[in-house]
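Position chain X against the provided structure of chain F, taking the given hints into account.
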Amino acid sequence: MVKVFIYPVNSLILADLVERFGHEPLAVMNQVREKVTSISLDSPPMNITPEDPKIGLRFAAVEVPAGVRGRMALIGPLIEEAEAAIIVEDPPVNFGCVGCNRTNELMKYLVRSKDMPILEVRYPESEDNASEFVYKIAAFLEALSGETGEETNDENKPGPEAENKGEPAEERKT
Amino acid sequence: MTAEKEITKVIVISSDKVLPVDAAMKIYESEFPVTVKETCFGLIVTGPESDVLQMTEEIRQLDKNHIFVKDRGFPAGDERRCRAVRGGGPRPGFHFLREEVRMLPAIGAALDELETKGPVREKKNEKSRLKVSELERIIESQLAR
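Protein chains in written order, with the working numbering: chain F, 211 to 384; chain X, 1433 to 1577.
The shape of chain F in the complex, shown without the other chains (with noise of 0.2 Å):
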């Protein structure tokens, strides 16, 4: 099972599709729970206390906007722990809680900067595209899971949108 960092954070196709390929989704939703259902609320109602901006400093530098530093305090770690990513471009809805575009770039920049097999494709925007969309992501998903290395690698890589970094990140843990 691998740590599949998703782009957008919040999504239900993605959480599902890397769920359903025997996966562990990264998303914001788990984050989010891990602050507003802990026992001790220390600064309710969404329990942001003073110890978040610092994490959100290790992402983003103290002259960036604090709604960036304040996402990151959220994103930032799932991001560290991610052993491969699939990035969505164009998602069709691009406001509210995840509609920050300076934390959207920052987000990808990290994600693509991190030595890990890498997922881009499109949001899907008819029947044939969504067919291909979730081949990819299912081609990729296998692969990650697959362990016959170079073999399945070469096998699964995805189309000419898609890009597949480094290797799969099973094969990388020491």
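Read the hints as simulated data drawn from the structure, not as lab findings. Incorrect hints may have been included.
Said to hold, decoys possible - In the DSS-like style, the derived pairs of lysine-lysine whose C-alpha atoms are separated by at most 30 Å in a straight line are: (1) X:LYS1496 to X:LYS1549; (2) F:LYS324 to F:LYS264; (3) F:LYS245 to F:LYS264; (4) F:LYS324 to F:LYS213; (5) X:LYS1458 to X:LYS1437; (6) X:LYS1559 to F:LYS245; (7) X:LYS1437 to X:LYS1469; (8) F:LYS213 to X:LYS1496; (9) X:LYS1563 to X:LYS1549; (10) X:LYS1559 to X:LYS1496; (11) X:LYS1559 to F:LYS213; (12) X:LYS1437 to F:LYS213; (13) X:LYS1449 to X:LYS1469; (14) X:LYS1563 to X:LYS1469; (15) X:LYS1437 to F:LYS264; (16) F:LYS324 to F:LYS245; (17) F:LYS245 to X:LYS1437; (18) F:LYS318 to F:LYS245.
Unchecked claim - To spell it out: a stretch of chain F is covered by chain X in this simulated footprint if at least three of its residues, at any positions, have a beta carbon under 8 Å from a beta carbon of chain X; those stretches are: (19) 218 to 226; (20) 238 to 248.
What the hints assert, rightly or not - Cβ-Cβ distance ranges computed for the label pairs, FRET-style: (21) X:ARG1561 to F:GLU315: 44 to 54 Å; (22) X:PRO1522 to F:SER250: 25 to 35 Å; (23) X:GLU1566 to F:GLU273: 52 to 62 Å; (24) F:SER250 to X:GLU1568: 22 to 32 Å; (25) F:PRO263 to X:LEU1562: 54 to 64 Å; (26) X:GLN1574 to F:SER250: 46 to 56 Å; (27) X:LEU1485 to F:GLY356: 35 to 45 Å; (28) F:SER323 to X:HIS1527: 44 to 54 Å; (29) X:GLU1490 to F:ILE258: 33 to 43 Å; (30) F:CYS307 to X:ASP1448: 24 to 34 Å; (31) F:SER336 to X:HIS1527: 19 to 29 Å; (32) X:SER1462 to F:VAL272: 50 to 60 Å.
Computed from a predicted structure; not experimentally measured. Glycine residues also receive a C-beta, built at the ideal position from the N, C-alpha and C atoms.
Relative to the frame of chain F, chain X by itself:
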């Protein structure tokens, strides 16, 4: 003895065969100690981790390629998110979920196709004749709506 961690799952049903109420009834019948809330897209289930995971897997098996599950941070009916105490309006996260729900029939069909054809990744844009079985499946799914 420490209490088991409570988790919450959102179960989104995009099936021609299963309605959210069917899934809710299955949970009630199972007697798992979980809290269930029906929503416009499916269900929200909160409870001890092992129970919720087992329950969601059972629900998923009702129509596995058309029932989608994701985690949720806040428990079902949490006052910080529930619209009943926030004066109405869409809850945070609703808009993206709605956008994704629009794509779920196509994602489900792709998963069906992937399941029947196996782990092959052939080109999808080749033109070919429609199989009778495929046509039957399309008609049945349209009639079931």
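Are X:LYS1563 and X:LYS1549 close enough, with their CA atoms no more than 30 Å apart? holds (14 Å)
Range first: 24 to 34 Å. Now tell me if the beta carbons of F:CYS307 and X:ASP1448 are that far apart. holds (32 Å)
Need the status of pair X:LYS1437, X:LYS1469: alpha-carbon distance at most 30 Å? Given pair X:LYS1437, X:LYS1469 holds - Cα atoms ~19 Å apart, limit 30 Å.
Per the hint of 52 to 62 Å, is the separation of the Cβ atoms of X:GLU1566 and F:GLU273 within bounds? For F:GLU273 against X:GLU1566, whose Cβ atoms are near 57 Å apart, the range 52 to 62 Å holds.
Measuring from beta carbon to beta carbon, are F:SER323 and X:HIS1527 in 44 to 54 Å? Violated, at about 30 Å.
For the pair supplied as a hint, F:LYS245 and F:LYS264, is the alpha-carbon distance within the 30 Å limit? Holds, at about 15 Å.
When you take the CB atoms of F:PRO263 and X:LEU1562, is the distance between them in 54 to 64 Å? holds (58 Å)
Is the straight-line distance between the alpha-carbon of F:LYS324 and that of F:LYS264 30 Å or less? The hint holds at about 22 Å.
With the threshold set at 30 Å, check whether the alpha-carbon distance from X:LYS1496 to X:LYS1549 stays at or below it. holds (16 Å)
Lying within 44 to 54 Å: is that true of the beta-carbon distance X:ARG1561 to F:GLU315? With a Cβ separation near 46 Å, X:ARG1561 and F:GLU315 satisfy 44 to 54 Å, so the hint holds.
Could you tell me whether the CB distance from X:GLN1574 to F:SER250 stays inside 46 to 56 Å? holds (53 Å)
Proposed proximity, F:LYS213 with X:LYS1559 (alpha carbon, max 30 Å): violated (38 Å)
Violated hints, listed in ascending order, are 6, 11, 14, 24, 27 and 28; each of the other numbered hints is respected by the structure.
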